[in-house]
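Now for the letters of each chain:
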Amino acid sequence: MTLRLDSLGQRYGDQRVLHDITLTVPDGQLLCVVGPSGCGKSTLLRTVAGLQPAREGTVTVDGTPVTGVPDQLAVVFQDYGRSLFPWLTVRDNVALPLRRRGLARAERRAEAERILERVGLDGAGRRHPWQLSGGMQQRVAIARALVCRPSLLLMDEPFGSLDAQTREDLEDLLLEVHRTDGTTIVFVTHDIDESVYVGDRVVVLSPAPASRIVLDLPVELPGGRDQIATRGLPEFVALRAEVGRAVRGS
Amino acid sequence: MTRVIRRDRNAARRGRGNPARSTSFRHVLLRLLVLVLALALWQVAAQAHGSVYFPPPGRIAHRAHELWFSGPVRRAFLTEAAVGDVLPSLGRMAAGFAIAAVAGIGAGVAVGRSRRAYALCNPVLQFARAVPPPALVPVFVVVLDFGTPMQIASIAFSAVWPVLVNTAEGVRDTDPLRLDVAAVLRLNRVERLRFLLLPSALPRIFAGLRLSLSLSLILMVFSELLPGTADGIGYTLTDAQSRSDLLTVWAALLLLGVLGYLLNTALLAVERRVLGRGRSTA
Numbered sequence: 155m156t157l158r159l160d161s162l163g164q165r166y167g168d169q170r171v172l173h174d175i176t177l178t179v180p181d182g183q184l185l186c187v188v189g190p191s192g193c194g195k196s197t198l199l200r201t202v203a204g205l206q207p208a209r210e211g212t213v214t215v216d217g218t219p220v221t222g223v224p225d226q227l228a229v230v231f232q233d234y235g236r237s238l239f240p241w242l243t244v245r246d247n248v249a250l251p252l253r254r255r256g257l258a259r260a261e262r263r264a265e266a267e268r269i270l271e272r273v274g275l276d277g278a279g280r281r282h283p284w285q286l287s288g289g290m291q292q293r294v295a296i297a298r299a300l301v302c303r304p305s306l307l308l309m310d311e312p313f314g315s316l317d318a319q320t321r322e323d324l325e326d327l328l329l330e331v332h333r334t335d336g337t338t339i340v341f342v343t344h345d346i347d348e349s350v351y352v353g354d355r356v357v358v359l360s361p362a363p364a365s366r367i368v369l370d371l372p373v374e375l376p377g378g379r380d381q382i383a384t385r386g387l388p389e390f391v392a393l394r395a396e397v398g399r400a401v402r403g404s
Numbered sequence: 039m040t041r042v043i044r045r046d047r048n049a050a051r052r053g054r055g056n057p058a059r060s061t062s063f064r065h066v067l068l069r070l071l072v073l074v075l076a077l078a079l080w081q082v083a084a085q086a087h088g089s090v091y092f093p094p095p096g097r098i099a100h101r102a103h104e105l106w107f108s109g110p111v112r113r114a115f116l117t118e119a120a121v122g123d124v125l126p127s128l129g130r131m132a133a134g135f136a137i138a139a140v141a142g143i144g145a146g147v148a149v150g151r152s153r154r155a156y157a158l159c160n161p162v163l164q165f166a167r168a169v170p171p172p173a174l175v176p177v178f179v180v181v182l183d184f185g186t187p188m189q190i191a192s193i194a195f196s197a198v199w200p201v202l203v204n205t206a207e208g209v210r211d212t213d214p215l216r217l218d219v220a221a222v223l224r225l226n227r228v229e230r231l232r233f234l235l236l237p238s239a240l241p242r243i244f245a246g247l248r249l250s251l252s253l254s255l256i257l258m259v260f261s262e263l264l265p266g267t268a269d270g271i272g273y274t275l276t277d278a279q280s281r282s283d284l285l286t287v288w289a290a291l292l293l294l295g296v297l298g299y300l301l302n303t304a305l306l307a308v309e310r311r312v313l314g315r316g317r318s319t320a
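Order-wise, the sequence lines are chains A and B.
The first sequence begins at 155 in the numbering used here and counts up by one.
The second sequence begins at 39 in the numbering used here and counts up by one.
For reference, chain B alone in the conformation it holds in the complex (with noise of 0.2 Å):
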């Protein structure tokens, strides 16, 4: 609450247009400066080498733009490539982290509302999370072949532990006395759900949607690096290293990059919306 009270202090201080305000500004253009003087430092390092295996980011970057976003106006200047290979791929990782976070979030609440179902529950998913999530991938290609099923479905499975356990913290840690007065204004169950479980949760249920999010981006990948796949990012991977293309290689890299870097980012636009009403996500 104090963070809070302090957050808004620090706005009301900024809207008034003094110091503050500057140095925000300042710490912007500081992060800026960060990253152009990083590429800059690569840039030179890679045309100093002159390798053929690490191209100097400027011509990672022509090729990514020659790739994916040199097709015409009315699609947006996405290219064929990027219709057939990267939309399949953000199309495959969406129905996978979606699968998980609604599955995550309702099982999370059934497991976390009942203090033995906890307890019963705890080792079982601790072990499933443990699990590194690549190497369930296999099990899902026997069981459901290779295409699009079996890589939703390694997304899904994968990314389904964090968002699950998360959830199921968070309602657990509701605060007892916030029950009482559930009790007391004897809310039903989906009143207790709506107005108290989830809402109180919802801090740690985006703290696994956060991690389950980046596990994603790691499963669309990875399930697209087997064999037996036709499109998707990872594939473009493979393939041009099979041609040696390692530009190509370096600019799927850097596309992966930049997407994840956005996904989060939206993530962590869409919670600060959501908690934005004075609560804090710690």
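Pulled out of the complex, with its shape left as it was, chain A reads as follows (with noise of 0.2 Å):
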């Protein structure tokens, strides 16, 4: 699916939060959105999302200005103690989505224990969320966004409360995601080091007020990405200097 933002603004009364956005996402890429905290990363992704409309400019998706929520679009937020819903089982939440397909109840919940076991929580599905690790909850969400097989995946700093380990297991799962399904991936991160190891291109947005795309940056790294060699290799470190320099506004 393609994304276009044109001359996006928005503004909460007289705070202007974003300024002038511009920007294209091709089919089947991942985007990075890297800014300071309060840059309105957020607000883009609410836009975008169709939980909020714009206040100037516009935004489209395959062409179809967005109104409400889009067919075909799934987000996962940072907060998943809260996403999930914690009076359903796993399973439960996860099938949640399909419900809208209209597929028999024993249909929902054997889709809903194949993604399960594709996010690596098979076994976990007649568990409730509250039971499961962080690093497990968030990986429930992963699956309830990915269940509908969506050809949209909005993530709003989705690692951004886990330990650094727990962190790269799940970047390593949106890649592979990514490269089986061809999704187009807009992921909102205020960590530098991310945006560039799991980017296809990162875009920098300016501090608050009236935030702006200050850099727009193609990443490009030879072979497959891995966590150790890859964050090692010379391309890596002067594109995470770049990205750096541009959100310190330097």
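Think of the hints as simulated: they come from the structure by calculation, not from any bench.
Yeah, the Cβ is synthetic: ideal placement off N, Cα and C, and Gly gets one too.
There could be a bad hint or two in this list.
What the hints assert, rightly or not - If we take Cβ atoms under 10 Å as the criterion, some of the chain A residues that face chain B in the derived model are: (1) Arg-200; (2) Pro-207; (3) Glu-210; (4) Gly-217; (5) Pro-219; (6) Val-223; (7) Leu-227; (8) Phe-231; (9) Arg-236; (10) Leu-238; (11) Phe-239; (12) Leu-250; (13) Arg-253; (14) Cys-302; (15) Phe-390.
Now that you have both chains on their own, put them together as the hints suggest.
Have a look at this one:
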């Protein structure tokens, strides 16, 4: 799915949050949006998700202006503890979006189990989210996002509150999903390393107020991505430095 | 969440049969001991005083047994008086409470779902809740005349407010992030209600139901105290009083206390069962 932002602006009252954001995300790209905290990254995602109307400019998905939540869109939020429904089992959480597709209960459950296995949670379906670790809960949230096979996946600092090891595992899971499904992904993060490691392209927003795009950088790294080897590549170090300078505004 | 985890851990520890279990067992024993002591004190004091107005608990319990629980086995030991007075009372209370619960939850969801509806209705609700419920009974007497419909209406109308207000606040307090999730998952209205709004409001709904239950009991008795009633525990109370049968008055009070305790315990058990899957009431 191709996502287009055309001079998008957002404001809360007098406070300008986003200013003149023009950006095209081609089908199948994994775009990372980086910026200091409070720069409107989440507002950007909420606007694309149709949770909040654009005050200025337009957002289009495959040429259709976004007015409500677009079809084929899924979102992973940072706060997995709040985004999952604690009164449902893991399997029922994951199967919830499938109701819309009119599948029978048994089919929904089978599909949920299948996707849980894919994110490495086979056997956890009957448990409740609060019985799982943070990393596992975020895997559940990812499974719930993937279960309807979205063509556009938005992720709002999804690994921000996880420990380093878990975060690396989930980054690799995300890359694997992206490689196999070819989903267009917009990945918001404040972690510069993460953006360069995960992204095909990194966009840096300026600090608040009135954030705009200060850097738009394609990430070209040789070979497959590997947590140890890739992060040691001179190309990786150079890209990271460039993104870092843009974030700091120097 | 932390509380839940702690509870799980406690449960696990208790399962292994170490000090935690005997502590809770001691706790139960201690509570029983306090109850027995209080009853004994009452018994001794009443016997020493020897007043006809304050009979000892032993005689009260005996009278209660005689009045209501000495019936034939095939009627589960219930006497004619129990069938004629206690059951109609409980039936009216159940009907009134059920109407209050259904109407309160329904209206509460409707009011709580919309910020504007909540803002508009809140003063009215607070006002309606502030009126002492028994004061409304005379109104129902005028509108509906004496009898069961009046009594049920009094109970329902008084008990509806706590459920309604609590449900509305519970629904209104739904986590905004979860509302975003529901929007992104494109849940329809019914699904949103069933999978998000009701479950997340449930602890508050139960808090309201507990208040409503005790109000139902109060209103049940109160509506039966009025002239023109022909049966019920409240009627037994006024009838015995007019005959200066103090022992029966005390027996009726004892029965009401026990009923209130049992009903509340039953509701708590339901609540624990429904919310039990790792959620606290708070």
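Tested hints:
no. : hint    : result
1   : Arg-200 : holds (8 Å)
2   : Pro-207 : violated (13 Å)
3   : Glu-210 : violated (22 Å)
4   : Gly-217 : violated (21 Å)
5   : Pro-219 : violated (18 Å)
6   : Val-223 : holds (6 Å)
7   : Leu-227 : holds (7 Å)
8   : Phe-231 : holds (6 Å)
9   : Arg-236 : holds (5 Å)
10  : Leu-238 : holds (8 Å)
11  : Phe-239 : holds (6 Å)
12  : Leu-250 : holds (6 Å)
13  : Arg-253 : holds (6 Å)
14  : Cys-302 : holds (9 Å)
15  : Phe-390 : violated (33 Å)
The structure fails hints 2, 3, 4, 5 and 15 (numbered hints given earlier, in ascending order).
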